[in-house]
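Okay, here's what each chain looks like letter by letter:
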Amino acid sequence: MENETREKFIIPIGPQHPALKEPGHFEFSVDGETVTGATVRLGYVHRGIEKAAEERNWVQDLYLLERICGICSHAHALAYSLGVEKLAGVTAPPRAQAIRQLVAELERVHSHLLWLGVSAHEAGFDTLFMFSWRDRETIMDVLEGLTGNRVNYSVNVLGGVKADIDDARADAIRRGIDFLEERTQHYLKIATSDETFLRRTRGVGYTSREQAEELGLVGPTARAANVARDVRVDVPYAAYTDFPVQMTLDTRGDLEARFVVRIRELFESYRVVRQILDRLPAGELTARMPRRIKEGETVSRIEAPRGELFYFIKSNGSDKPERIKVRTPSICNFAVVTGTAKGHQLADMPMILAGMDPCFSCNDR
Amino acid sequence: MATILGKKWDEALEQVKTWARVNSPWAIHFNSGSCNGCDIEILATVTPRYDLERFGVKLQGSPRHADILICTGPVTLQARDRLKRVYEQMPEPKFVVAVGSCAISGGVFQGCYGVVGHIDQVIPVDAYIPGCPPRPEAIIDGLVKLLGSLQAKGEATAGEARHDSATAHS
Amino acid sequence: MSTEATLQTAQALLAPWTKGARAPEPDRLDVLIDAADLTAAVQTLHDARWGYLAAITALDYLGKTASFAQDARWQALMASGRVPADGAPLEALYFFAAGRAIVTLRMLLPREGAAIASICGILPSASFFERELSEMFGITVTETPDPNHLFLPENWPAGVHPLRKDFAPGRQ
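Here the protein sequences line up with chains A, B and C, keeping their order.
The letter at position 60 of the first sequence is residue 59 when you use numbering that gives the first Met the number 0, and the numbering goes up by one with no holes.
The letter at position 125 of the second sequence is residue 124 when you use numbering that gives the first Met the number 0, and the numbering goes up by one with no holes.
The letter at position 60 of the third sequence is residue 59 when you use numbering that gives the first Met the number 0, and the numbering goes up by one with no holes.
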């Protein structure tokens, strides 16, 4: 009876809030410090990219779609290029595909290290934030050396890539990877043994495997709950058939598992990057693409750092696409916040949110 | 006597304020529709390699404590009012830095239905840092230039204060 | 299970509602169904634990009605008298993925008063997709748990749907 008469408090967070690096709006209803429900409001960075893509030509769209997200720009450009090439009946040369995969894995390293820092910051562990971002600069140097830009590398063109790798470059990448591998060992140790950190992660934001499937989670967030789903393994694209990756799974389903899965994925990325550098196929970088793309529809799926990225592309035979649908991984993963918030302390919310590695600009488009 | 003290007092106060402002400006970052590219580069500037804090610049959360508003991205329909509100909440004097091509001109998002324009169509901008995204060095350079102009402005205001008090008390 | 076998399983499961099927690509199957059968079809896939919901979107066929002349769903829609002779339809697309295989449920909807039943009762994760579908294409999703705007502002004009072909940006 008393509970019923008790007033319900709603704590709004965002769109501009110190705990959010990007604008989103959350409303947590609380009873004392305990969260009883959560809702999310998106669209603060909704620009209307899907519509704009219909008004620009196939080549312009590559640069527009790359700017859906500055963190996983290569993932968007790659999914789009692979889809358009499939529609046109063109296959990029093997060397181009290998370089695409190489950049995709380097991007995953940069994205996961970025996320590690941001979520450590949410946990109040700023030392780890500073360390991981210092080390992340290594990968930024590698990407810059390879592509000419730190962010939005635009390494893809329709039909191939525009960056090549020579021996000196390959050695520079190897040196960077060697250094990062050593550092990543250290991060894994912190994420699994630091007592104060574990108190913020162990058992927090738990989802069972069934729940993760029901919520429709994707990527590392799902794999941390033992959902064996990774596009790189299930539907190998680019050069993933020649340079396969192992799926990283964890059975625990809590925040700690999400940390462990992402950090372990880094080792897998390092291994694959070395493998590609050692066995990089020789040959051309681009194949010829027509300006107009044959009429048709295709689905292009790739594994972005945050999970499955889904592109549906429809061509009407002109030099502009008829429709491009982008379903980003973050929009699937938001369910982990609304779905697991109940019963947690309000102070855990930033950690749970950071634990899914949200990307509002991917989501809102 | 009072005239002389008033003059000196106003002048000294202005100088102290400018000194404090130029040496430890607090900045707030607002993303009004950016792709995150500029945002992660801004965040990179406060991390060890670039370390913006050696110039006394501190990124923090509340607009009410901020001297500088660092804006990224084009302005979206939903962000316009928030951007204005954040700007209005900042105490005077306040300075706005537009970071990145989109903040300056709308960039690649020009013509999207969700985009109302660029930053200086909504709030006045003091410094522009171009790039897609600008390198952390460029962001630091832009901020340092802004601080340099504040110093110059501060000296001018101190001069004005000298002039004002002289006219007020004469 | 091979991709072909997975697709055949889906085809068999969806047979009761199938008005037509085609394979646009080797690992894809498009199943044409009536909008009224959506929940039943989704329920069947869900009960058989066939794949997961990958995305929901729609297409606007403004000015392209001719391509539907042979489509049973279009004829049914015309026969129902709900569509003016030149009223180009919308088509809702529900993508389900299982490994390499992708099944797309495709439903034609009249341009005016397009409505489709919510599948959130079966797959709660569809909520965001349904909100996006309704604001971007003006397809009413009946009984969806949260019918509010997802991306568009609260003060967005009613009846304006950005991803329809007759929406031209740059108004303001």
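A couple of the hints might just be wrong.
[Stated by the list, open to error] Which stretches of chain A does chain C cover? Using the computed rule of at least three CB atoms under 8 Å from a CB of chain C, they are:
| no. | segment |
| --- | --- |
| 1 | 46–52 |
| 2 | 313–324 |
| 3 | 329–336 |
Treat the hints as calculated values from the structure; they're not laboratory data.
Note that CB positions come from ideal geometry on N, CA and C, so glycine has one too.
>> Of all the hints numbered above, which does this structure not satisfy? Sort the numbers upward.
In response: No numbers; nothing is violated.
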